[in-house]
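**Q** Using the hints, position chain B against chain A.
Number of protein chains: 2
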Amino acid sequence: MNAEIIAVGSELLLGQIANTNAQFISERLAEVGVNVFYHTSVGDNPARLEEVIKHAEERADLLIFTGGLGPTKDDLTKETIARSLGVSLSMDEEAMDSIRAYFEKVGRVMTPNNEKQALILEGSVPLKNDFGMAPGMVFQQSGKAYILLPGPPSEMRPMFSTYGVPAVMRLMKRKEVIHSRVLRFFGIGESQLEADLEELIDRQTNPTIAPLAGDGEVTLRLTAKHESKDVAETLLNELESEIRQTVGEYLYGYDQDSLEGVGFRLLKEKGLTLAAAESLTAGLFQSSLASIAGASSVLEGGVVCYQDSVKRNVLNVREETLKNYGAVSRECAIELAANVRTLFKSDIGISFTGVAGPEAQGDLPPGTVWIGIASGDEEPRAYKLTLAGSRNGNRSRTVKYGWHYLVKEYKA
Amino acid sequence: MNAEIIAVGSELLLGQIANTNAQFISERLAEVGVNVFYHTSVGDNPARLEEVIKHAEERADLLIFTGGLGPTKDDLTKETIARSLGVSLSMDEEAMDSIRAYFEKVGRVMTPNNEKQALILEGSVPLKNDFGMAPGMVFQQSGKAYILLPGPPSEMRPMFSTYGVPAVMRLMKRKEVIHSRVLRFFGIGESQLEADLEELIDRQTNPTIAPLAGDGEVTLRLTAKHESKDVAETLLNELESEIRQTVGEYLYGYDQDSLEGVGFRLLKEKGLTLAAAESLTAGLFQSSLASIAGASSVLEGGVVCYQDSVKRNVLNVREETLKNYGAVSRECAIELAANVRTLFKSDIGISFTGVAGPEAQGDLPPGTVWIGIASGDEEPRAYKLTLAGSRNGNRSRTVKYGWHYLVKEYKA
Numbered sequence: 063m064n065a066e067i068i069a070v071g072s073e074l075l076l077g078q079i080a081n082t083n084a085q086f087i088s089e090r091l092a093e094v095g096v097n098v099f100y101h102t103s104v105g106d107n108p109a110r111l112e113e114v115i116k117h118a119e120e121r122a123d124l125l126i127f128t129g130g131l132g133p134t135k136d137d138l139t140k141e142t143i144a145r146s147l148g149v150s151l152s153m154d155e156e157a158m159d160s161i162r163a164y165f166e167k168v169g170r171v172m173t174p175n176n177e178k179q180a181l182i183l184e185g186s187v188p189l190k191n192d193f194g195m196a197p198g199m200v201f202q203q204s205g206k207a208y209i210l211l212p213g214p215p216s217e218m219r220p221m222f223s224t225y226g227v228p229a230v231m232r233l234m235k236r237k238e239v240i241h242s243r244v245l246r247f248f249g250i251g252e253s254q255l256e257a258d259l260e261e262l263i264d265r266q267t268n269p270t271i272a273p274l275a276g277d278g279e280v281t282l283r284l285t286a287k288h289e290s291k292d293v294a295e296t297l298l299n300e301l302e303s304e305i306r307q308t309v310g311e312y313l314y315g316y317d318q319d320s321l322e323g324v325g326f327r328l329l330k331e332k333g334l335t336l337a338a339a340e341s342l343t344a345g346l347f348q349s350s351l352a353s354i355a356g357a358s359s360v361l362e363g364g365v366v367c368y369q370d371s372v373k374r375n376v377l378n379v380r381e382e383t384l385k386n387y388g389a390v391s392r393e394c395a396i397e398l399a400a401n402v403r404t405l406f407k408s409d410i411g412i413s414f415t416g417v418a419g420p421e422a423q424g425d426l427p428p429g430t431v432w433i434g435i436a437s438g439d440e441e442p443r444a445y446k447l448t449l450a451g452s453r454n455g456n457r458s459r460t461v462k463y464g465w466h467y468l469v470k471e472y473k474a
Numbered sequence: 063m064n065a066e067i068i069a070v071g072s073e074l075l076l077g078q079i080a081n082t083n084a085q086f087i088s089e090r091l092a093e094v095g096v097n098v099f100y101h102t103s104v105g106d107n108p109a110r111l112e113e114v115i116k117h118a119e120e121r122a123d124l125l126i127f128t129g130g131l132g133p134t135k136d137d138l139t140k141e142t143i144a145r146s147l148g149v150s151l152s153m154d155e156e157a158m159d160s161i162r163a164y165f166e167k168v169g170r171v172m173t174p175n176n177e178k179q180a181l182i183l184e185g186s187v188p189l190k191n192d193f194g195m196a197p198g199m200v201f202q203q204s205g206k207a208y209i210l211l212p213g214p215p216s217e218m219r220p221m222f223s224t225y226g227v228p229a230v231m232r233l234m235k236r237k238e239v240i241h242s243r244v245l246r247f248f249g250i251g252e253s254q255l256e257a258d259l260e261e262l263i264d265r266q267t268n269p270t271i272a273p274l275a276g277d278g279e280v281t282l283r284l285t286a287k288h289e290s291k292d293v294a295e296t297l298l299n300e301l302e303s304e305i306r307q308t309v310g311e312y313l314y315g316y317d318q319d320s321l322e323g324v325g326f327r328l329l330k331e332k333g334l335t336l337a338a339a340e341s342l343t344a345g346l347f348q349s350s351l352a353s354i355a356g357a358s359s360v361l362e363g364g365v366v367c368y369q370d371s372v373k374r375n376v377l378n379v380r381e382e383t384l385k386n387y388g389a390v391s392r393e394c395a396i397e398l399a400a401n402v403r404t405l406f407k408s409d410i411g412i413s414f415t416g417v418a419g420p421e422a423q424g425d426l427p428p429g430t431v432w433i434g435i436a437s438g439d440e441e442p443r444a445y446k447l448t449l450a451g452s453r454n455g456n457r458s459r460t461v462k463y464g465w466h467y468l469v470k471e472y473k474a
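Keeping their order, the protein sequence lines are chains A and B.
Anchor point for the first sequence: position 234 equals 296 in our numbering, and the numbering is continuous, going up by one each time.
Anchor point for the second sequence: position 2 equals 64 in our numbering, and the numbering is continuous, going up by one each time.
Only chain A is shown next, with the shape it has when bound in the complex (with noise of 0.2 Å):
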């Protein structure tokens, strides 16, 4: 089967915003093996509109609309369709008896253009929208399908997600159904991550594996088609444990985790808080934790000790510290992560202490970092890093591996 994606919208066309809706509804269709041969945007009119379905027709089974379905008069996909198929729109009374009830909700007046959201074409099967009032839509019509999908990308995602893509699967005759799960890993390499599971990477067909990396983290997801769910659940544990076998110490999460979402879920299991001094990083560690709600129960607070008469003066490094080994150096991230611990009197104190860059620091490269822990009766540690970006690639790197680190060490 192969697809058409037409984006409708003038704000396209003036680079208002982008298409990213074709980006997401390409991602899924690759998922489940249907081929995406063109893209198109056109603007709000209907002579182009209509140009645009006609050759698409000519070169796709199936087309899917993005945009246009709203109650303005500038909304028109579902009309122009209408037209150039020769088939009548209907009220659809399920999605209008949701508007009214939005509105009522909302305590506002609903205006009579509003009714135009709940037409669908007549014969169509509508596509539920959670997020917002305009119904998609599937139809299908001498040996073609479809789609018509809202344009806010809020609304057209999870339209997509839940009904779409089983839409889809059902036009194919297939009885199967997809279940992906994205595995997250940290502190390896994409290539040398596909080196180790290069074996399994070929030899897998179902569930599939795809890689993709972005932004210091590498991510797996696997795929599985099977017409039982338990099935499909099933085959990605077994794929999993394999994984597992092989890079296991490196995965860190599932789908949307984050590492400090997985760092302060752990961290706050075990009831233990945490102080931070942060040099090169500047707050932008403890800021990750104060990201998630519910942040206080973990986190003190800590010192940002940018320059070294801070470090000295606010968290007590020792003079001959900073003499005999400078600022970054293992020893000066322990008394750092140590006397934060202490001055806040909290369980954890974690400390950051390097060269962002892009200027050297005496001898040392941009990308010097050195990360202190020091918790319950052990000796306080230190890891080293050697980053290779900017200025805030390095700071930000900097901070994942600061949760990577703490994840590790409290994830047993």
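Treat the hints loosely; a few may be bogus.
Since the list gives no way to pick one copy over another, a pair counts as held whenever it fits inside one copy or between any two copies.
[As the list claims (entries may be wrong)] Straight-line Cα separation of at most 30 Å, DSSO-like style, residue types lysine-lysine; simulated pairs:
1. Lys385 with Lys330
2. Lys237 with Lys287
3. Lys332 with Lys407
4. Lys287 with Lys190
5. Lys206 with Lys116
6. Lys407 with Lys385
7. Lys237 with Lys190
8. Lys178 with Lys116
Worth flagging that the hints you see were computed from the coordinates, not collected in a lab.
**A** Same frame as chain A, but now just chain B:
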């Protein structure tokens, strides 16, 4: 002149990347008055690309291609256009020289497939690639114009802005050049700004005024067209002064400026140092300063005082203040700012205390924030914010307001 933007690359159809190039080019074309009626994406497939070219020639005067100019076998945009138009490819010696120079500079051996990148359509005008190897080009035949651009946005954007837009102006036989200036505002909403400038925006034809809102900021893009660069500059200056008369107090910078960048420059020029006490922002303010290379000339450091105990024990906020007014109060903000200034021996102390959300804190709804500033011999002062965003929206908006007040105080 009507344009169609054609993106070539299977990675687009697989959903691996979004077509942000089409957005960027459309925005620039809208500024110079070129209508864009279609965006098309097609894969690395000569037959389908050729069909797309033929179809676009029927409906557009100007065909702009992105992608497929690189060295690999997949890169076939030039070859396919050449075949479709019956034109041959020839070596652009200048491009070849700069490709050779690149390989010498990085000390790698040039593989022969890189020569392909210096091929251009015979009779075309090359567009220089200042950030990569493959040149772009402009070609004209049978009343149609063809512009070929590289795919990576880091190469395409500067090439199109610097060489592509002037080439489009020449194609349109326009002698004018386009001069744009972006004015950046903070502390005023988009609708308020547009209302304040309504008469001016309606009246204006050259320069034009285009407002854009995002991330708590509003920008106005002023675009002047004139044959003389000096006259265009004068037109922009005159319009800017008119705008300043109405909303000048919210204007903080130009073009690529950021609030923290402008604030940092001001403090650095005046030789002032800064320390921060951060509760809800938890280091985000200090991190925004440390994101700038050279921040150490201004930033001493600071304290993340997430817990009241830290406000009390590390920053010496008086017990009575916390008891009588609470941590989220003018009084607490002022003590935090004054005390962090003393502790860190900085010229300026700034503090942030508030309710990030999503939960209220006692009577105080999420978004209630106090920012304190202590500097010079004046009384420390505090500003109240009432924000309506998400938890992290409120946190980052608070940081921007911190810079906004610092810029206001120090720009005189």
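**Q** With reference to the structure, classify each hint as holding or not holding.
**A** Hint by hint, here is what the structure shows:
1. Proximity of Lys385 and Lys330 under a CA criterion of 30 Å is satisfied inter-copy only: 28 Å between copies versus 38 Å inside one chain copy.
2. Taking the closest pair of Cα atoms, Lys237 and Lys287 come within 30 Å of each other only inside a single copy of the chain (9 Å); across copies the shortest separation is 60 Å, beyond that limit.
3. With identical chains, the CA atoms of Lys332 and Lys407 are at most 30 Å apart within one copy only, with a shortest distance of 17 Å there and 38 Å across copies.
4. Taking CA atoms no more than 30 Å apart as the test, Lys287 paired with Lys190 passes inside one copy only; the shortest distance there is 24 Å, against 48 Å between copies.
5. Taking CA atoms no more than 30 Å apart as the test, Lys206 paired with Lys116 passes in both settings, with 11 Å inside one copy and 24 Å between copies.
6. In the homo-oligomer, the alpha carbons of Lys407 and Lys385 lie at most 30 Å apart both inside one protomer (27 Å) and across protomers (22 Å), since each shortest distance falls under that limit.
7. Proximity of Lys237 to Lys190 under the C-alpha cut-off of 30 Å is restricted to the intra-copy arrangement: shortest distance 21 Å within a copy versus 53 Å between copies.
8. In this assembly of identical chains, the alpha carbons of Lys178 and Lys116 lie at most 30 Å apart only when taken from the same copy (24 Å versus 37 Å across copies).
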